[in-house]
Each structure stands twice: as C-alpha cells, then as structure tokens.
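**Student:** Single-letter residue listing:
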Amino acid sequence: MSSHDFITPAKMARGLGSAKSGTETHIRQRVSAIALIFLVPWFVYSIINAMSGDIVDAQVWAAKPWNAILLILTAGAAFFHMRIGMQVVIEDYIAKTGTKSALLILNSFACIALFVTVALSVLKIWIGAGV
Amino acid sequence: MVQLTLPKGSAPKKGKTWPKPQGATNLRQFRIYRYSPEEGGNPRWDTYWVDMDRAGTMILDVLFYIKNNVDPTLAFRRSCREGVCGSCAMNIAGQNTIACTKGFDELPGGVITIAPLPSQPVVKDLIPDLTSFYAQHAYVQPYLKTVTPDPEKEWKQSEEDREELNGLYECILCASCTTSCPSYWWNGDKYLGPAALLQAYRWLIDSRDEATGERLDDLEDPFKLYRCHTIMNCAQVCPKGLNPAKAIAKIKHMMVERVS
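Chains as they are written, first to last, in this note's numbering: chain U, 1 to 131; chain H, 132 to 391.
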C-alpha cells in the first residue's frame with residue numbers, strides 16, 4: 001500500500017491551488033517571439049554577409065550604430081525567450097526537486113551571463129571603433 | 132514528469148495467439164492489450180483472428196465478436212454504441228478514439244493493435260482508470276454559476292450567444308484528447324488537460340454565467356492552464372471533431388485581455 005492510497009481525487013486535482021500567475025510569462029514569451037521573427041532573419045543574413053570578409057570587416061560592420069543596437073536587441077530577445085523556454089523544458093523533464101531548482105537558477109544565471117557577455121562584446125567593438 | 136520507461140511490471144509481453152476461426156475467408160489480425168490484476172504479472176499482447184464477414188463494421192463490433200466467439204474474458208467498456216457516451220474510448224492502431232464509431236474502412240493495413248487509453252492506470256484489459264480525469268473535470272466546475280437570484284422560469288440567452296457554445300458543448304468526456312496529450316502524460320497531476328479546459332472555456336464564454344473572473348482565477352497557473360504547448364494531438368484525435376487546443380488558446384487570450 002502506498003502513502004497516497006487515501007488521497008482523494010479531488011485533493012489531487014486541486015493540488016496546491018491556482019498560482020494566479022503565468023499570464024505575464026505567456027505574454028513575455030509571445031512578445032519576445034514576435035521580436036525574434038524580425039531580428040533572427042536580419043541576424044542570419046548579416047552574419048552570412050559578415051563571413052564573406054575578414055575579422056576587421058566584421059568589426060567595422062558591428063561597430064556601425066544600427067548594427068550594434070540590433071545585435072544587442074537580438075541577444076536580449078533571444079536569451080530572454082530562451083530562459084522561458086528552457087524553464088519549461090526543465091520543469092517537464094527533471095523530476096527531482098533539488099536538481100530542478102538548481103537547474104532553474106542556473107538557467108536564469110546562464111541566460112543573463114550570456115546576454116551581458118554579448119552586449120559588452122558589441123559595446124567594446126562599438127566604443128573601440130570610436131564612433 | 133517525463134518518464135521514458137514504463138514502470139516496473141507495466142511493459143507488455145507477447146501473449147497468447149488464439150486460433151483462427153474455421154471456414155473464414157476474410158480474416159484480419161488484431162493484437163489486443165490484456166491485463167488482469169487478479170492474475171498478476173505483466174500485461175500481454177494477445178493475437179486474435181477475426182472473420183471480417185461476420186464481425187460487423189466497427190471496431191466495437193470486432194471486440195464483441197471476440198468476446199462472444201473467441202475469448203469471453205476480454206474486458207472493455209461500452210454503452211451507447213453510437214458515439215454519444217464516450218465509454219468505449221481506447222487506442223486503436225496507435226490513435227485514441229472511440230471504438231463504436233471507428234470503422235474498418237478507416238483502419239490502416241496490417242495488424243491492428245488495440246490498447247487502453249495511454250498514461251492512465253489500467254483496471255483491466257481495455258478499461259482505464261479515469262478517476263483523475265473526472266476529478267480534473269470537476270475542478271473546472273462545469274455548471275452554471277450565478278449571483279443574480281434565479282429567474283422565475285429560465286436563464287435566457289440570445290441565439291448569437293448560444294451559437295458561441297457550438298464546438299464546445301458536444302464533448303462526451305471520452306478522454307481521448309487528454310490521454311493523447313504529451314503535456315498531460317508528463318504533468319497529468321498538475322495540468323488539467325484538454326477535455327477539462329475545453330469545458331472550462333465552454334462555461335467561461337456562456338453569456339449566462341456570472342463567475343467568469345473566478346473561473347479565470349482558478350485556471351491561471353503555469354501548470355493547470357499554461358502547460359498546453361499547442362501540440363494539437365487533442366484536436367487530431369477528438370472523435371467528435373472538436374478543437375480543445377483552440378479553446379485553450381482562447382482562454383489564454385481572455386487571461387491576456389484582463390491584464391491589458
């Protein structure tokens with residue numbers, strides 16, 4: 001006999017009740033997805049073009065104000081969107097509470113760290129170019 | 132939570148092959164999931180040969196043929212035999228549906244497998260334990276809730292408002308959609324599933340219901356509602372042609388509407 005044998009179905013269905021949250025996350029995920037619809041094609045097109053030249057050409061391209069701004073926006077939208085998506089994957093696939101909590105925190109830290117790294121790299125090129 | 136392997140004792144093994152009916156010329160092979168808690172052991176796939184000239188036209192007829200002519204111990208639920216009660220929902224040739232309206236002409240070629248609805252405990256053979264499914268349905272309080280005192284005769288509704296309920300009220304609670312949903316497989320203890328959410332939306336948009344806000348409050352949860360990832364298995368398998376995924380999307384739209 002398991003410890004759950006006397007739990008009623010209603011108790012299970014009600015669980016801890018509604019968290020009264022989730023809508024904000026839903027909106028954020030959709031809005032970041034809309035941004036990425038425009039930013040990702042621009043990013044892919046630009047990267048393919050940048051690959052045709054050498055590293056100096058790529059730095060000159062990244063130092064142009066609009067390119068730098070769009071690069072930072074792309075990274076921001078992508079890592080923001082990725083954090084939400086990865087959170088769902090972790091919640092679905094990791095059973096142990098401790099491991100799950102640790103991975104959820106790591107997910108947030110990793111996405112923020114990746115964004116800061118990209119943003120600072122672009123700013124360094126931009127500022128370094130003296131624009 | 133994702134479970135990539137079946138729990139211990141749940142993996143079906145090769146079972147018995149029942150003899151072919153004598154004198155039959157139009158035979159079809161069926162592999163049917165068998166499990167009996169009294170007998171213990173793992174479930175098994177039994178093989179049956181069915182005389183299609185004598186079996187009728189629907190999968191439910193096949194099951195009756197087997198039960199009446201081959202193996203009387205085969206257990207399955209059925210009642211209305213016309214797609215109204217939802218009792219005979221099961222997994223036929225890899226797809227959840229109801230056996231009474233699934234015709235032979237819709238089946239793929241080769242051996243046909245018949246199994247109970249996935250992801251639920253099995254009571255016996257093709258009979259799943261839908262206790263949790265019904266409790267989740269009860270959670271959405273699928274009935275009219277009002278604060279205005281009851282009118283003398285009836286709650287009235289315009290024809291246009293009544294039309295809004297089309298495509299929602301027809302659900303027969305067969306559980307085909309809910310048990311076909313991977314999100315429900317992984318999070319069936321927290322996610323309400325497509326059938327319950329379809330009914331939730333049916334009452335959310337009922338012009339007579341006065342508990343819309345409270346209903347949305349009860350649903351607003353990262354798991355109860357937002358675990359739907361629009362996989363669309365629900366709409367693909369619904370034997371009544373309903374679209375629970377669309378109803379869930381509309382609930383999400385209502386959630387967004389009230390915060391923006």
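Don't take every hint at face value.
Cross-link-like lysine to aspartate or glutamate pairs, in silico, EDC-like; alpha carbons within 16 Å at most [said to hold, decoys possible]:
hint, chain 1, residue 1, chain 2, residue 2
1, U, Lys11, H, Asp349
2, U, Lys20, H, Glu301
3, H, Lys377, H, Glu301
4, U, Lys20, H, Glu345
Read the hints as simulated data drawn from the structure, not as lab findings.
**Student:** Of the numbered hints stated previously, which ones are contradicted by the structure, given in increasing order?
**Tutor:** 2
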